[in-house]
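Chemist: Protein sequences appear in the order of chains A and B. Every letter in the first sequence is one number past the one before it in the numbering used here, and letter 58, counting from 1, is 58. Converting from the second sequence to the numbering used here requires adding 1000 to each position, the first position being numbered 1.
Think of the hints as simulated: they come from the structure by calculation, not from any bench. From the three backbone atoms N, C-alpha and C, an ideal C-beta is built for every residue, glycine too. Wrong hints could be hidden among the right ones.
Claimed, not checked - Below, computed lysine-lysine pairings styled on PhoX-like, alpha-carbon distance capped at 20 Å: (1) Lys1276/B with Lys10/A; (2) Lys13/A with Lys1276/B; (3) Lys1129/B with Lys1150/B; (4) Lys38/A with Lys10/A; (5) Lys1199/B with Lys1276/B; (6) Lys1243/B with Lys1129/B.
To be verified - Okay, the calculated bits of chain B under chain A, using three or more residues with CB under 8 Å as the criterion: (7) 1265-1274; (8) 1339-1349.
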Amino acid sequence: MPGRTRPVEKLAKASAQCSVEVAAYGKCVVADYNSVHKDMCAKEFMRLKNCYLAASKKG
Amino acid sequence: MHYTATMLSLQTFRASLLRKSFTPTITIRQYASQTPGNPMLEVFNRKVKHLQKDRAARNVEESRKVDYLKDEVAMRLCERLLDIKRDFPNVLDLGANSCNIARAITSPDLDSSMPEGVITPPLSKKISKLTCVETSHALLHRDDNEPFNKEVDIQRDVIPDLETLPYAPNSFDAVLSSLSIHWINDLPALLAQVNTILKPDAPFIAAMFGGDTLYELRGSLQLADMERRGGVSPHVSPLADVKDVGSLLGRAGLKMLTVDVEDIVVEFPDTFALMKDLQAMGESNAIMNRDMAPLSRDVLLANEAIYRSLHMQDGDRGIPATFRLIFMIGWKEGEGQSQPLQRGSGDINLKDVLEGGDFNKP
Chain A
1 MPGRTRPVEK LAKASAQCSV EVAAYGKCVV ADYNSVHKDM CAKEFMRLKN
51 CYLAASKKG
Chain B
1001 MHYTATMLSL QTFRASLLRK SFTPTITIRQ YASQTPGNPM LEVFNRKVKH
1051 LQKDRAARNV EESRKVDYLK DEVAMRLCER LLDIKRDFPN VLDLGANSCN
1101 IARAITSPDL DSSMPEGVIT PPLSKKISKL TCVETSHALL HRDDNEPFNK
1151 EVDIQRDVIP DLETLPYAPN SFDAVLSSLS IHWINDLPAL LAQVNTILKP
1201 DAPFIAAMFG GDTLYELRGS LQLADMERRG GVSPHVSPLA DVKDVGSLLG
1251 RAGLKMLTVD VEDIVVEFPD TFALMKDLQA MGESNAIMNR DMAPLSRDVL
1301 LANEAIYRSL HMQDGDRGIP ATFRLIFMIG WKEGEGQSQP LQRGSGDINL
1351 KDVLEGGDFN KP
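One chain only, chain B, in its complex shape:
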């Protein structure tokens, strides 16, 4: 709606400009059509998201119970940090939720590639200071008194808006982010800020929900809506796709990008349990212009039936829910940083290195 309005006024404005500048003595100047304050398309309602997180975290017991997904992802994210043989004096956790990353870096035995019995020291030995930033006070301070707080120096910052970071340029040795930036409206702008606050040659490592996350629920709710109410309303928020993430990082100026995808499939007893858990995680739908009324009982009942017949495997007791995680790593440009080689400049066939490129061979 907004877009068409501005387009129209811009066109009429241009037309009048052309008419005025028709005298041959005046050279035509080019106008940059950038409106002040970069227009932003709002996808998610930030206020609603904040309320959802705050409310969810106030029920401490429930909120802790559903931390299984965020803890698991934080672990997997921090495993990627193990690969970098370096110390990180000053680290930022962007959108910290309940400081799941702090919990992951203080847990020993994080390295799953080590053989059993070999205990690796926790990552917190390499990290002197962790700054956790989050919009929800209740969620960020939920685990203030847990033992892991003593093992690493944590600074908790509550900011009104995750899309404007209050940190000085070149201040962090690494920026981590686990399951948070899928709620950001203006991801390019945020990534550009991340690139600024990183020190030269410092990594940004993040995990977010992407593309096919909860595709089962998305589909069955649509069908239930169609059959019961005769129309569709978005009940599951849209997510970024894997193929967009690379270009997003590149656009922000980050170098040496790595993007990979992992699926986590969680089994729930029924769709009600799934939706209850999502709510307790503070991960409910927060799209703009969503249907403010809760889902009606009829649609919920219909959804349960359709989900079961579409996705439940024979013999299973529960229903599967897929969470697709996009992991991304990007580095800020720095002196002496290794550069990727030109395309086509390789002279060793990767097939020979990895051996047995022919997958048809037994």
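Chain A extracted, bound-state conformation:
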């Protein structure tokens, strides 16, 4: 639909601006991917999300 960005496009655009946080969170989960449990990387994820929220406000 023209004139309307789909949520997934917004996600892609904003997360592309957070490559450092994306890498940090990914590294944290993958480091021990045989025993992943809930909120194992909560700290890294919050950083990623904060960055994402800031980026999506800007764009």
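Fit chain B to the supplied structure of chain A, relying on the hints for placement.
Modeler: Showing chain B alone in chain A's frame:
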């Protein structure tokens, strides 16, 4: 759930039978425990799949843009048809999507084994009539007015359910199917029907997604789900494995089977683009009892990060997504058909024919 219920009732039923037939004068009869209407395990939600395809096709522009995979597979499938030196007056395209096979057979220069510059005539010269059957009206009729429609006689049939084919026995000279039958719940039953509608000594050639397709996405979504929500829900539909396909075809009564596997790795800028394309293809998850809510933003973000760190090669700009294609060929039994020789009856070593069986030699 259903299974345990029927098992229980069957056992109690059997027990009461045994008790009644304990008088020595009555001979014990054997009961076939087949319930009426062959019980079927439903894996995929057919209604959901139909809606996904219909919705995807209604966005014509997007839907055409993501036809790259289906067109490529249709081409590779039709190349296999080139190997059969024969004319096919009447061909069925089972699960036609947007008639990708019709597009492939009308394109010239299909034969990639020919040297460059040699133009081979399109396959449609050998095919007089192509019947395309599909459940989604919007998808099947999407390209009604494209030029390829004029080059081959296409009949488009929309049927409510791909698992029940409305065709007479012995009516087709070949049945083709490209990227469709991985959504079939009861594959053995469908293949048996295919065997019936084929003329004797006619081939069934199909391509479907199999086993390791999208294993990257499957794995990283699981990890993202675990870390964010503390549990796993199936987001990628299960697929048949290569090693099962041979026995499936054999069980349907098809002969001289050939099964081979090809991987196509597509590079996407990010996981969001991959998932968007899958959706536009109408190939999203359609498993029964799936989580009806869309993936949460948190899980999507986590998935993007995990996918990248697991599968992105250093120096690459995008992420790889593997599509594993299973190609299968089976022939309906017919008179005068060549038969495979008995195992162990060969007296020429294949190593000598192909030369240089020793792979360690330079």
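Chemist: Now look at each hint and say whether the structure bears it out.
Modeler: Going through the hints against the structure:
no.	hint	result
1	Lys1276/B with Lys10/A	holds (12 Å)
2	Lys13/A with Lys1276/B	holds (14 Å)
3	Lys1129/B with Lys1150/B	holds (12 Å)
4	Lys38/A with Lys10/A	violated (26 Å)
5	Lys1199/B with Lys1276/B	violated (41 Å)
6	Lys1243/B with Lys1129/B	violated (33 Å)
7	1265-1274	holds (count 4)
8	1339-1349	violated (count 0)
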